Amino acid sequence: MNTYLNKLHYSLYVIFHPFDGFWDLKREKRGSLGAALTIMFSLILVYILQRQYTAFLFNLNNLNELNIVLEIVSVLLPFLLWCIANWCLTTLADGEGTFKDIVIATSYALTPLIIINTPLILLSYLINLEEGAFYYFFASISILWSAGLLVLGTMVTHDYSLKKTLLTVLGILISMAVMIFLGLLFTSVIQQIIGFFYVIYKEIVFKF
Amino acid sequence: MMETINKKIVFCGLLIMVLLFTSLQPTNVKASVPYESYTYNFWLDIVRSPHAYLPDKESTGSSMGTTDLNAPSDLFIADNGYMYIADTNNNRIVWFNQDMEFVDEITTFHNGDTFNQPKGIYVTKDNRLFVADTENERIIEFDANKQFIRTINRPETDLITDATSFRPTKVVVDDAGRIYALAIGINSGIVELNPDGTFQGFMGASEVSVNPITSIWRRYFATKEQLARMELVIPTEYNNLFLDNEEFIYVTMGNVKVEDYGIDVIRRLNPTGKNVLRDFGYGSPVGDYFFKTDGKITRFNDITVTDYKLYTALDGANGKLFTYDYDGNLLYVFGSNGDRKGNFTNAVSVAQYKDTLFVLDSGKNAIISFKMSKYGALVNDAVRLHYEGKYNEAANKWEEVLKFNANSDMAYIGLGRVLLRNGEYKKAMEYFDLANNRKYYSKAFTFYRREFLADKFGAIVTGLIITFIIFIFARFMLKRYRKNRESIRRKATNEYLLK
Numbered sequence: 110m111n112t113y114l115n116k117l118h119y120s121l122y123v124i125f126h127p128f129d130g131f132w133d134l135k136r137e138k139r140g141s142l143g144a145a146l147t148i149m150f151s152l153i154l155v156y157i158l159q160r161q162y163t164a165f166l167f168n169l170n171n172l173n174e175l176n177i178v179l180e181i182v183s184v185l186l187p188f189l190l191w192c193i194a195n196w197c198l199t200t201l202a203d204g205e206g207t208f209k210d211i212v213i214a215t216s217y218a219l220t221p222l223i224i225i226n227t228p229l230i231l232l233s234y235l236i237n238l239e240e241g242a243f244y245y246f247f248a249s250i251s252i253l254w255s256a257g258l259l260v261l262g263t264m265v266t267h268d269y270s271l272k273k274t275l276l277t278v279l280g281i282l283i284s285m286a287v288m289i290f291l292g293l294l295f296t297s298v299i300q301q302i303i304g305f306f307y308v309i310y311k312e313i314v315f316k317f
Numbered sequence: 011m012m013e014t015i016n017k018k019i020v021f022c023g024l025l026i027m028v029l030l031f032t033s034l035q036p037t038n039v040k041a042s043v044p045y046e047s048y049t050y051n052f053w054l055d056i057v058r059s060p061h062a063y064l065p066d067k068e069s070t071g072s073s074m075g076t077t078d079l080n081a082p083s084d085l086f087i088a089d090n091g092y093m094y095i096a097d098t099n100n101n102r103i104v105w106f107n108q109d110m111e112f113v114d115e116i117t118t119f120h121n122g123d124t125f126n127q128p129k130g131i132y133v134t135k136d137n138r139l140f141v142a143d144t145e146n147e148r149i150i151e152f153d154a155n156k157q158f159i160r161t162i163n164r165p166e167t168d169l170i171t172d173a174t175s176f177r178p179t180k181v182v183v184d185d186a187g188r189i190y191a192l193a194i195g196i197n198s199g200i201v202e203l204n205p206d207g208t209f210q211g212f213m214g215a216s217e218v219s220v221n222p223i224t225s226i227w228r229r230y231f232a233t234k235e236q237l238a239r240m241e242l243v244i245p246t247e248y249n250n251l252f253l254d255n256e257e258f259i260y261v262t263m264g265n266v267k268v269e270d271y272g273i274d275v276i277r278r279l280n281p282t283g284k285n286v287l288r289d290f291g292y293g294s295p296v297g298d299y300f301f302k303t304d305g306k307i308t309r310f311n312d313i314t315v316t317d318y319k320l321y322t323a324l325d326g327a328n329g330k331l332f333t334y335d336y337d338g339n340l341l342y343v344f345g346s347n348g349d350r351k352g353n354f355t356n357a358v359s360v361a362q363y364k365d366t367l368f369v370l371d372s373g374k375n376a377i378i379s380f381k382m383s384k385y386g387a388l389v390n391d392a393v394r395l396h397y398e399g400k401y402n403e404a405a406n407k408w409e410e411v412l413k414f415n416a417n418s419d420m421a422y423i424g425l426g427r428v429l430l431r432n433g434e435y436k437k438a439m440e441y442f443d444l445a446n447n448r449k450y451y452s453k454a455f456t457f458y459r460r461e462f463l464a465d466k467f468g469a470i471v472t473g474l475i476i477t478f479i480i481f482i483f484a485r486f487m488l489k490r491y492r493k494n495r496e497s498i499r500r501k502a503t504n505e506y507l508l509k
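Going line by line, the protein sequences match chains D and H. Every position in the first sequence, counted from 1, becomes a number in our numbering once 109 is added. Every position in the second sequence, counted from 1, becomes a number in our numbering once 10 is added.
Derived from the structure by calculation, the hints contain no laboratory data. What you are looking at is a predicted structure, and each value in this text was computed from that prediction instead of being measured. Hints may be right or wrong, so weigh each one.
[Unchecked claim] Not the full set, but computed from the structure, chain H residues with beta-carbon under 7 angstroms of chain D:
1) W53
2) D443
3) R448
4) S452
5) F455
6) T456
[Said to hold, decoys possible] Pairwise CB distance ranges (calculated):
7) L172(D) with G373(H): 26 to 34 angstroms
8) R58(H) with V308(D): 35 to 43 angstroms
9) M240(H) with D268(D): 52 to 60 angstroms
Don't be surprised by glycine CBs; every beta carbon is placed ideally from N, CA and C.
Make the full structure from the sequences, and use the hints.
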């Protein structure tokens, strides 16, 4: 239990010392899958809380139409797509990280989103629209920080040069888009097929 | 036993008779209104609302005591309530009074001259008549006694090329006598003429919208043959105008491409031709909010404006009327195409007089009148009182409106603004929350926060100090506890070692 907490606590070290942090995360086994999943789970939680409980002034969602399943998917899907695309590309381009390493590094890199956005929910109740600049400033900081960590995490985990990392990240983004495209194509084709057989079934039923 | 059954039968019979009797009584049945009324909320979803106007009468030419109208195109109501109609295919100007009775008409004038398809009519405050005599390519003025005064022919200017004819469709005249006309095929804006009929200039031309890719394609890649087959890039013409009581001109645009959906189709032009229409509603005043793939966009073809800048625009294509307030908030939408009484087949013009709205239908060749309902009157009154700066009276009206329609966002905003003004910030915040108005919510919130902090300043500071002290104390205790434990452990180790 203590090691689990230590490994979770280590995420705070990683986000401030990304080079050392990510190196030890993989090579010294300072992180664990359990801790990584905890971070992901809290991220989903924070995201849902943020969507639901951010103060009225900064919450432009239609709360009547908020769907918790969709919210979970909208965090998990990009995460999984990133990890899978990352793994697919780096295995081919002699990256050192296993899929597990990638999942751990990615989760740890998302920590700033949690630690900044949680107090932002509270802050949103205290400020008005004119002071909203602070709110949006911190929100963008959290995103930029995490994005930077994602890149550095990829770099250190696979022991890449910066140039190669940037190319890889570009490749990852493209392959994510391709995967989404294929997914949509697949579902639409399946739908067509199901529709086709359904029509045949209906015709037969009407015939007899 | 038998007796009770008999009693039951008698009782049932009585009951049936009573029921029959009551059902035969003439009940107060109202004809159902042949359209839906609605408005849009913050997310631009349709929200049903009570009817603001109810269909009243459908008056054809013969029912008003003259020959039937034939494809009329313009309706204008003068200050005295007379309804002037440009009866296009009958080549006449005809007018009726408020009781829908025929008053007079002009068919021939000036020694047997006639109109040729007049499409526009305007009556000045001193009852002079201006007729856009479209196919004769001229504007004709009559005096208050309907006697011919002059014709205003095609203005002499280099700006209208000789190839383009000057066929005026709509005309308005301001207090200084300047004439503003729209003409078929002239897309440089409103033609502005001096009181003596000479050309002054164009006003408020609508801009062209071209996307960059098309523009690059046209300029560098398209061959001559391709260019010849391509659609010309020309600005959309205005199709109607209305002069409000401040002498600003409202114009409407109907012939917009579906891709251009969302451009300002209603404009209020100031004297320099700049669009100064206020746009602070949930969406811009462009009619229905549709997806671009749905081709049925709103196509306005006329507009009427009250003294308190509440304007109603007519969507002839879909047979709907959209009413907005001064700030561009959509108040209500009603009307529908169809064959029932109160429906339109080809609505071409709208005008209002007091509490009645008149729509000229060139398909039905009739004037369809709508009486304002109690709900509509309350909304309009509230908007008027607010425009006049009588906020508290407006709030009373808004409260009444809420009794009819609990979904009226405008009412919540109106009430919230009064509460804000009266210093009831918390309540105001609730109302702005209901109406999804973040701008005013933020204002109310700022005041509320200030008040809250001032009220609770002592408590907050005390709380902070106490928390701080507890925190320091806890840290101190924790340190001591750790030290103790350390020393105990050390002692134990020493003892163990000594052993």
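Hint check results:
1. W53: It holds, given that the least Cβ distance between W53(H) and chain D is near 5 angstroms, below 7 angstroms.
2. D443: holds (5 angstroms)
3. R448: holds (6 angstroms)
4. S452: holds (4 angstroms)
5. F455: holds (5 angstroms)
6. T456: Holds, because the Cβ-Cβ distance from T456(H) to chain D comes to roughly 5 angstroms (cut-off 7 angstroms).
7. L172(D) with G373(H): 26 to 34 angstroms: Violated - the Cβ-Cβ distance for L172(D) and G373(H), about 45 angstroms, lies outside 26 to 34 angstroms.
8. R58(H) with V308(D): 35 to 43 angstroms: Since the Cβ atoms of R58(H) and V308(D) sit about 36 angstroms apart, the hinted range of 35 to 43 angstroms holds.
9. M240(H) with D268(D): 52 to 60 angstroms: Given range 52 to 60 angstroms: holds, Cβ gap about 56 angstroms.
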